[in-house]
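The primary structure of each chain is shown beneath.
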Amino acid sequence: MNPALIKPPLFLACLAPLGYYAWGAQTDTLGANPIEAVTRGLGDWALNFLLITLMVTPLRRLSGWAWLGRLRRMVGLFVFFYASLHLATYLWFDQFFDWQAIAKDILKRPFITVGMISFALLLPLAATSNAFAIRKLGGRRWQELHRSVYAIGLLAVLHYSWMVKADISRPLTYAAVLGVLLGLRVWWRVQERNKQLAGAYMPGPRGRIIPIVVRK
Amino acid sequence: MLIRRPDDIRPSEITSRCLFERRREFLRLSAGVALAGIFPSAHGALGPGRSSSYSTSETPTPLKHVTAYNNYYEFGTDKEDPARTAHGLRVRPWTISIDGLVRQPKTLGIEDILKLAPLEERIYRLRCVEGWSMVIPWLGIPVSSLLKLVEPLGSAKYVEFITAVQPETMPGTRTRVLDWPYTEGLRLDEAMHPLSIMAAGLYGDVLPNQNGAPLRLVVPWKYGFKSGKSIVRIRFTDKEPRTSWVKSAPQEYGFYSNVNPDVDHPRWSQARERRIGEFSKRTTLMFNGYAEQVGQLYTGMDLRKNF
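Protein chains in written order, with the working numbering: chain H, 1 to 216; chain S, 217 to 523.
Treat the hints with care, since some could be wrong.
[Stated by the list, open to error] Simulated pairs of lysine-lysine, PhoX-like, Cα-Cα distance not exceeding 20 Å:
| # | chain 1 | residue 1 | chain 2 | residue 2 |
| --- | --- | --- | --- | --- |
| 1 | S | Lys364 | S | Lys322 |
| 2 | S | Lys373 | S | Lys322 |
| 3 | S | Lys463 | H | Lys165 |
| 4 | S | Lys364 | S | Lys331 |
| 5 | S | Lys521 | S | Lys463 |
| 6 | S | Lys373 | S | Lys280 |
| 7 | H | Lys104 | S | Lys497 |
| 8 | S | Lys521 | S | Lys455 |
| 9 | S | Lys521 | H | Lys108 |
These are calculated hints, taken from the structure and not from any lab test.
Bound conformation, chain S alone (with noise of 0.2 Å):
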């Protein structure tokens, strides 16, 4: 008599083929999920974040160099050293004072600054005023949503960013080569336009030391350098900052320094760009493509001598 026994395992509790092939990889990824709960600085997915409008279409440019190429002076002047030595960088516990002419001066941990806002994807151009550019997702939530938390003054004009400054990690910050910290400004509407972030991610992941981490300015319509990495402290004041770079070489860089092809450069040309992973160079655009969204911020100024 044939009898027919089940067999010992359900057929839904088999694994399926391919993914029994990936087992590896889903342990590698379940180590990275623990690790991330246990070390809060470990680097786990952010996730993709949600999609913006404005983000553009264009093709982002490859990891390995959004991290290898950088300008970040506190971990040494050549663009390849923040890759080599940004590694040390303390980034957890990290917190954002943020103060001057406000009626809620706070001080946030960067758990809860990431809880203020969902999380969004922000495919923007970068315009190093260099004379090259890069494409990047950048992960992060808008400057508004920061700021309005302290309830600024009537009498705040602008805001300051200060970055930080950790002697034993950061090299650079040994020689003068700028006046440390950098800090970085912005006219408060500015820093309100929809368009500026603070960027906590990029390409899905956790910010790396060397583009900023934990939390980063992107203001992508004005040259890389307005957009100070690993901020500290923001403040409220009614005067213009002075900025390290205006510090530095007033006569070369000023307060706004908007991307803008038609304002050279004291040393060399800013029509055009070399867009990193390009051969040929591309027509630079004024405010880097972003004149629709920022120009009315500008309407009546003359912009070649507020450069």
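Same shape as in the complex, but just chain H (with noise of 0.2 Å):
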């Protein structure tokens, strides 16, 4: 499968979401709250994508389906370009840029303290995500860095999961998904390290041995 014919098409897909609450909102069809429903739409939106990205890797793994790894760049921009909007929504329809009350916010209450780190530690990830950095870094440390999606993961979760008032279901849902994810990320990590410490990937002789002699 060519990446480059899936790209644009997913592209477009992904703004799709965007595309349903600016319709919405131009056709006053998002409910008596509508700022609400802009604000939580992506946010949670936001969140998908996060474990979409995360689905990258075991779906690969299992399926055998090499290109998906070159989709991943982009769903995690559009993790970035969500989280963005919801923390406008935030910052516009919610304290109209009052930046002292923001900062209080920030400061007094835990699930804006949250969702704010997540959201500064999305930073770096969307500032190297191209190839010049990579190239920058080096693949080890990139991919180190890259690694803090894993908490990212969970402080979203964490954030919106203190955000709501009893209902704790959706919240539970998302981390419950991520669990699994990450969960088969740990388990992947034990068995490789079992099968290190077992020697199975010691290069064991192998064809016929020749012999070293010291030529006369």
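Join the two chains, each given in its own frame, into one complex according to the hints.
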């Protein structure tokens, strides 16, 4: 499969949630509290895309479709895109750029604090989502940096669960999916480690052994 | 010879053009009246009700928002859920038992309750603890007209309001998201305050199910969740009742829950609110703007402690 063929329609598909809320706002079909609907919807989609990026590696491993990995950067950048819009709705519609109130809110309210931390952690990942940064950092360091997405996922789910009033069924669903995606990685890691310890990776003697002899 | 013969139809009997053109509307209205007689639960206009000096002159929130954006967890925790699922609520027959520390415990049918006092229109602000607000033209009777009937004893200090649980019609009650039945409570003097009403309608019509049919409490200076919906029992006690939200999260919801911009919810600010239908936020007023009427109920009390 050629990722170049999938990327344009996938890009448009990733914009669909934004289109939905833009259209809804335009036609006034987002219910009685459209601002709340937009704020929450954009946050939901930042989290949805985050879970989708975390699905890429397990899906690639289970299916053997290597090309899936080539789509991950775009979906990952959509996490940042929706998280930025989600933050913008808070700064504008919720606080009307009252920076003093915003600073107080970040310090005082754990769910805002956690949301802000997750956004701050997304910034270096978005900034290094290009070939130049990978070259500059080196593959290994780049990968280590990008592992912080696991922490971002946990913080984002926490942000959601601390926001709701009593019914935590939806944050719990997100937590369960995230748990499976992170659990798979832990499981694979443990298996890898066990294999290594069992010596499965020790290159044993293969073929005919050619004795080294000093030529006379 | 010209003899002027009177018309077959007298002019007074001719339907005027403007009325004739509204004949469909007339038919619809008369059908409604007839149905209301046969099925008491069918929606019929309750009428405008007596106007009241307690009403605000602010513009009421459109009916479509008042009936489509509700917190009624028995019908689901999304605010769009009740409008979708509350149609099944059985609102007739409906009785309310009033007991506890009273001389004359009573069980009253909804029809008798609505005859206790003339229905009044009360246009009140409603402030939800979540930070949004509405203006709603309720139709109701003072809570006091109901409570006086049973002759409360001197030892009665509090009033507990217990709401309906109909597992077959209320999908939310099959989950444990709150402790059912949903209960709320007031201090006796709060309940007897003339601003506290039992509402049976809004916008001149019978209360829609999602708004708490057939009879709900409305206490406009407290956060919306204090105003229990679909009340089935009222109990007088000498101890502060443990309400559903206090049981669910005592550090977040207090018994009093008066609207107070200076005391924040632990997880969000209460300083401002979004009036449904508006873009900018408004400043939240002390006691939701009813400080003049109810402030004296709380003199000497630390409202930070008694939140």
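Next on the checklist: Please list, smallest to largest, the hint numbers that this structure does not respect.
Outcome noted: 6
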